[in-house]
Amino acid sequence: MDDLQLLREMRSDVGTPAQATLARGRNKLLGRIGAGADSGTMPDGGPRRRRVVARRVVLAAAAAAVLLGTLVAVDVVAPGGKPGATAEAAEVLNNAAAAAIKTSDPVVKPGQYLKVDTKAVYASSMTRAQGTTVSWLETQDGQVYVPADRSGEWVWNREARVPTTFFGKESKAEAQRYVASMNSGAGPQLEGVIRGKGGAFYDSPQQILGLPLLEAIKTLPREPRKLLDLIYKKNGDKGQTPESEALVTIADSLRTGVIPADLRAAMYKAAALIPGVIVADKQATLDGRKGVALGILWAEGKARQDIIVDPETGMMIGERNVSLAALDGIPANTAFGWTAVKISVVDSAP
Amino acid sequence: MNTDRDIIRRSRDSPAEFAALYDRHASVIYRYAARRAGDFVADDVTSETFLAAFEGLDSFDERWEDARPWLFGIATNLRRRHHRAEARLLKAMARSASREAGVDSTEVVAAQVDAATATARLAKSLKAMPAIDRETLLLYAWADLSYEGIAGAMGVPVGTVRSRLNRARRILRTGLGPVKLDETESDHGRLAAAPRNA
Numbered sequence: 001m002d003d004l005q006l007l008r009e010m011r012s013d014v015g016t017p018a019q020a021t022l023a024r025g026r027n028k029l030l031g032r033i034g035a036g037a038d039s040g041t042m043p044d045g046g047p048r049r050r051r052v053v054a055r056r057v058v059l060a061a062a063a064a065a066v067l068l069g070t071l072v073a074v075d076v077v078a079p080g081g082k083p084g085a086t087a088e089a090a091e092v093l094n095n096a097a098a099a100a101i102k103t104s105d106p107v108v109k110p111g112q113y114l115k116v117d118t119k120a121v122y123a124s125s126m127t128r129a130q131g132t133t134v135s136w137l138e139t140q141d142g143q144v145y146v147p148a149d150r151s152g153e154w155v156w157n158r159e160a161r162v163p164t165t166f167f168g169k170e171s172k173a174e175a176q177r178y179v180a181s182m183n184s185g186a187g188p189q190l191e192g193v194i195r196g197k198g199g200a201f202y203d204s205p206q207q208i209l210g211l212p213l214l215e216a217i218k219t220l221p222r223e224p225r226k227l228l229d230l231i232y233k234k235n236g237d238k239g240q241t242p243e244s245e246a247l248v249t250i251a252d253s254l255r256t257g258v259i260p261a262d263l264r265a266a267m268y269k270a271a272a273l274i275p276g277v278i279v280a281d282k283q284a285t286l287d288g289r290k291g292v293a294l295g296i297l298w299a300e301g302k303a304r305q306d307i308i309v310d311p312e313t314g315m316m317i318g319e320r321n322v323s324l325a326a327l328d329g330i331p332a333n334t335a336f337g338w339t340a341v342k343i344s345v346v347d348s349a350p
Numbered sequence: 001m002n003t004d005r006d007i008i009r010r011s012r013d014s015p016a017e018f019a020a021l022y023d024r025h026a027s028v029i030y031r032y033a034a035r036r037a038g039d040f041v042a043d044d045v046t047s048e049t050f051l052a053a054f055e056g057l058d059s060f061d062e063r064w065e066d067a068r069p070w071l072f073g074i075a076t077n078l079r080r081r082h083h084r085a086e087a088r089l090l091k092a093m094a095r096s097a098s099r100e101a102g103v104d105s106t107e108v109v110a111a112q113v114d115a116a117t118a119t120a121r122l123a124k125s126l127k128a129m130p131a132i133d134r135e136t137l138l139l140y141a142w143a144d145l146s147y148e149g150i151a152g153a154m155g156v157p158v159g160t161v162r163s164r165l166n167r168a169r170r171i172l173r174t175g176l177g178p179v180k181l182d183e184t185e186s187d188h189g190r191l192a193a194a195p196r197n198a
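Just so you know, the protein sequences line up as chains A and B, in that order. Going by the working numbering, 34 is the number at position 34 of the first sequence; the sequence numbering is gapless. Going by the working numbering, 43 is the number at position 43 of the second sequence; the sequence numbering is gapless.
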């Protein structure tokens with residue numbers, strides 16, 4: 001071996017960035033791109049414009065982050081001083097926790113797979129040359145097949161990403177232009193069957209709370225207060241408020257579909273301790289299934305992050321973001337991003 | 001056509017396109033920075049590199065198709081702010097490996113000790129050489145840039161890159177000392193890992 005080969009091997013085992021790290025950097029970049037585009041075309045806008053930019057960034061960030069499996073937001077809202085979730089929300093969450101423990105997890109026998117079927121809708125925003133922002137919704141479904149031995153090979157089938165909902169004519173035109181540019185190869189390749197040992201797709205393990213998923217499932221505390229404190233600690237100053245980011249973290253974790261009942265129960269109970277969590281909708285429907293939506297406000301009260309729980313079984317049906325005011329061309333009261341998760345046991349994977 | 005240059009050209013009109021360059025190269029920039037100075041620095045350097053690149057689109061030399069020399073050039077400048085982190089890391093590597101060298105020797109352990117010793121000596125040599133030579137050497141060995149790429153990244157003629165590399169490798173070889181080297185494998189040590197832009 002010569003000196004250069006020795007040098008090449010030195011520290012060759014370090015430096016794979018976590019997906020969350022890359023997502024954060026990408027969000028920063030998208031934020032700058034958005035701000036630059038606006039200030040270039042509207043030089044006299046002042047503080048009002050800056051708010052528009054901030055909102056745009058929130059949406060772009062959400063869209064980009066979901067792509068990489070985390071949800072990061074940009075605005076900062078003063079945290080509320082309440083002691084925990086509302087009594088009503090705490091009751092729903094604690095009952096869901098009890099139900100989660102009573103309902104046993106599906107049993108996956110050797111050779112079988114746990115199939116996590118995800119339907120997802122993301123918001124995309126584009127700042128146009130004249131400084132206006134248009135948004136549209138894209139859907140991308142996918143199925144993750146988790147082998148009985150979770151350290152084995154996981155299979156992820158990602159379906160095509162398709163724009164589905166437009167807010168006006170301009171939105172549709174921008175969406176089509178964007179999709180065409182992505183299909184020409186400008187964007188990352190996002191469809192097809194991907195394989196990864198132990199769920200490490202794209203060569204890096206999936207993470208929740210900054211821990212590799214499989215390790216997190218084993219080691220995360222089952223005591224709700226301890227779990228929530230750990231979530232706050234791991235999130236640091238990421239996100240809009242520690243509270244909204246904590247619920248986002250819980251939603252991110254649960255939508256992997258592989259969180260075992262005891263940890264799922266601890267997550268519900270931890271959510272019940274988050275100040276500002278409310279029952280947002282007792283009859284929420286997501287992908288045709290009904291459940292209770294528990295939410296927390298973010299984006300200065302203009303949006304709400306929900307998790308939707310089936311109170312009978314304690315399963316998480318999904319999670320969603322709802323606009324409470326018009327945002328970048330998205331009308332108020334629109335679910336501008338959601339994920340529905342369905343779990344089953346199957347005998348084979350693609 | 002979808003070279004880095006195409007993306008950069010398109011992003012002058014529609015800035016959002018620039019994100020595609022991030023998706024393409026962020027992990028490579030991160031990995032290089034992390035090898036040199038750890039994850040904390042890499043996180044900062046990677047995101048700052050792309051912000052700086054986006055704001056300095058005009059500094060991209062259109063004669064290049066590949067944006068990596070440009071991006072590594074920016075990353076190199078930004079990483080200099082963290083030179084202490086690299087110094088600490090090299091110091092620790094030099095020390096920790098020499099501690100392992102005291103282990104009892106079975107054959108397996110001996111092999112490990114050899115690798116550890118080599119790493120410690122490499123770290124010492126890297127630490128000892130002039131910063132500009134270290135920069136050149138690691139852009140070559142860790143960032144897989146060609147001579148021309150390094151010249152582009154550092155803004156110097158190719159001849160300068162060649163002489164800096166020669167000097168740096170001399171220091172490496174001297175530092176490695178008694179570790180057995182097989183010089184016949186290849187003149188430039190390219191056999192094991194050919195760079196993508198060779």
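To be clear, the hints were calculated from the coordinates, so they are not data collected in a lab. Every value quoted in this text rests on a predicted model; they were computed, and no experiment measured them. There's no promise every hint is true.
Stated by the list, open to error - Cross-link-like lysine to any residue pairs, in silico, SDA-like; alpha carbons within 20 Å at most: (1) K172(A) x H82(B); (2) K127(B) x R11(A); (3) K290(A) x V28(B); (4) K28(A) x K127(B).
To be verified - Interface residues of chain A toward chain B, partial, derived using beta-carbon atoms under 10 Å: (5) L4; (6) L7; (7) S12; (8) P17; (9) V107; (10) L211; (11) P212; (12) L214; (13) K218; (14) K342; (15) I343; (16) S344.
Every residue, glycine too, gets a C-beta built ideally from N, C-alpha and C.
Status of the hint placing L211(A) at chain B (closest C-beta pair under 10 Å): 15 Å, violated
K172(A) and H82(B) were given as a pair; does the straight-line alpha-carbon distance stay at or below 20 Å? Roughly 46 Å separates the two Cα atoms, so the pair is violated.
Double-check P212(A) for me: the hint is only fine if its C-beta lies closer than 10 Å to a C-beta in chain B. Hint on P212(A): violated, closest Cβ of chain B at ~15 Å, above 10 Å.
Taking only the CA atoms, is the gap from K290(A) to V28(B) under or equal to 20 Å? 44 Å, violated
Taking 10 Å as the limit, does the beta-carbon of V107(A) come near enough to a beta-carbon in chain B? 38 Å, violated
Would the stated hint for I343(A) survive a check requiring a Cβ distance to chain B of less than 10 Å? 30 Å, violated
What's the verdict on K28(A) and K127(B), does the C-alpha distance respect the 20 Å limit or exceed it? Roughly 33 Å separates the two Cα atoms, so the pair is violated.
Hint check, S344(A) versus chain B [nearest Cβ-Cβ separation less than 10 Å]: 32 Å, violated
Close enough to count: is the Cβ of K218(A) nearer than 10 Å to one in chain B? Result: violated, 23 Å to nearest chain B Cβ.
Measuring from the C-beta of K342(A) to each C-beta in chain B, is the shortest one below 10 Å? 29 Å, violated
Hint validity - L7(A) Cβ closer than 10 Å to any chain B Cβ: Since the shortest Cβ distance to chain B is 5 Å, the answer is holds.
Hint check: 10 Å Cβ-Cβ cutoff, L4(A) to chain B: With a minimum Cβ separation of about 3 Å from chain B (threshold 10 Å), the hint on L4(A) holds.
Violated hints, listed in ascending order, are 1, 3, 4, 9, 10, 11, 12, 13, 14, 15, 16; each of the other numbered hints is respected by the structure.
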